[in-house]
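Participant: Start from the sequences and build out the full structure, keeping to the hints where you can.
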Amino acid sequence: MIHSWLPYVLCILLFCVGVYAVLSKKNLIRIILGIVIADYAVNLFLILLCWKKGGEAPILQPGAMEQVMVDPLPQALVLTSIVIGLATTAFLVAIAMRLHERYGTYDITRIRELRG
Amino acid sequence: MIELYIVMALMIAGALAAVEMRNLLSAVIAVGVVGLGLSIVFLLLKAPEIALTQLVVEIVAVIILIRATLTLEDSGEWLGSRPLGSLLGALFAALTVWVGIVAFKSLPAFGDPLMLVSQRYLADAAADTGAANIVAAIILDYRAYDTLGEATVLFTAVVGVLTVMRRKGVKDHGEK
Numbered sequence: 001m002i003h004s005w006l007p008y009v010l011c012i013l014l015f016c017v018g019v020y021a022v023l024s025k026k027n028l029i030r031i032i033l034g035i036v037i038a039d040y041a042v043n044l045f046l047i048l049l050c051w052k053k054g055g056e057a058p059i060l061q062p063g064a065m066e067q068v069m070v071d072p073l074p075q076a077l078v079l080t081s082i083v084i085g086l087a088t089t090a091f092l093v094a095i096a097m098r099l100h101e102r103y104g105t106y107d108i109t110r111i112r113e114l115r116g
Numbered sequence: 117m118i119e120l121y122i123v124m125a126l127m128i129a130g131a132l133a134a135v136e137m138r139n140l141l142s143a144v145i146a147v148g149v150v151g152l153g154l155s156i157v158f159l160l161l162k163a164p165e166i167a168l169t170q171l172v173v174e175i176v177a178v179i180i181l182i183r184a185t186l187t188l189e190d191s192g193e194w195l196g197s198r199p200l201g202s203l204l205g206a207l208f209a210a211l212t213v214w215v216g217i218v219a220f221k222s223l224p225a226f227g228d229p230l231m232l233v234s235q236r237y238l239a240d241a242a243a244d245t246g247a248a249n250i251v252a253a254i255i256l257d258y259r260a261y262d263t264l265g266e267a268t269v270l271f272t273a274v275v276g277v278l279t280v281m282r283r284k285g286v287k288d289h290g291e292k
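These protein sequences, in sequence, are chains A and B. Per the numbering used here, the first sequence starts with residue 1, numbered consecutively. Per the numbering used here, the second sequence starts with residue 117, numbered consecutively.
Hint data in this document are derived by calculation from the structure and do not stem from the laboratory. Errors might be hidden in some of the hints.
Partial chain B-side listing against chain A, Cβ under 7 Å, derived [stated by the list, open to error]: (1) A131; (2) R138; (3) I180; (4) S202; (5) T212; (6) G216; (7) L270; (8) A273.
Each residue gets a CB set at the ideal place from its N, CA and C atoms; glycine is no exception.
Facilitator: Here you go:
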């Protein structure tokens with residue numbers, strides 16, 4: 001049953017691409033891009049966990065009884081998480097732009113040398 | 117579910133392009149591809165509200181990130197990688213995939229969620245809250261304190277951005 005775990009593996013690959021960017025890149029903006037990608041992967045994982053085979057979107061139809069629905073709880077929490085992800089991204093970009101103003105570069109190795 | 121795999125493969129390709137592309141502006145646009153692909157995946161997984169939210173958030177995030185790349189004289193500042201960091205990153209990625217594959221064996225299979233709490237929400241939401249949309253019933257009624265916390269986080273982030281970006285009252289570097 002390859003279908004029972006292949007989506008999870010693709011999702012964790014996406015997360016790893018983000019973490020690789022954070023660990024290996026020198027450019028501050030590229031590190032932020034890595035954080036954004038990892039954030040997307042975590043949201044995607046929670047939504048993958050709540051999908052039910054043959055389920056509908058969790059909206060009640062008038063008159064229909066016994067609807068099969070996907071799990072609404074992770075969806076509600078991910079809705080919160082997406083908006084918080086945007087807020088943290090904006091904050092990271094603001095700090096990066098301030099650093100660029102002060103040091104004239106996004107290179108994290110050079111920013112570290114200019115300490116003090 | 118073949119379309120799900122196609123869109124997820126496209127997202128991974130977009131993420132790799134964002135990480136390895138030399139031009140920073142192109143990298144930001146590649147992240148836009150990942151985010152919009154994520155929106156389509158949410159739609160395929162029957163989560164329409166989240167797909168809409170993701171669409172809006174992605175557009176705003178790309179605008180913010182493009183603003184950050186515009187401070188460069190030429191947007192093609194390629195600074196390369198740290199060799200030790202690349203090694204660590206590849207090692208970490210391999211380890212994560214391995215641990216993930218081991219851990220997935222104990223998860224419920226894809227398409228067969230546990231739904232212990234959600235059963236009650238699905239059964240009682242209409243009677244308890246009167247909302248047809250159960251996701252809205254959860255965020256605005258059952259877990260309204262979570263939403264209040266989210267609003268607090270948003271407010272904190274906005275105050276943080278304004279504090280970092282303000283011009284008035286900032287001393288020059290070295291000034292006492």
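Participant: Compare the structure with each hint and give your call.
Facilitator: Cross-check of the supplied hints:
no. : hint : in the structure
1   : A131 : holds (4 Å)
2   : R138 : violated (10 Å)
3   : I180 : holds (5 Å)
4   : S202 : holds (4 Å)
5   : T212 : holds (5 Å)
6   : G216 : holds (4 Å)
7   : L270 : holds (5 Å)
8   : A273 : holds (3 Å)
Going down the numbered hints, you'll see the structure goes against just number 2.
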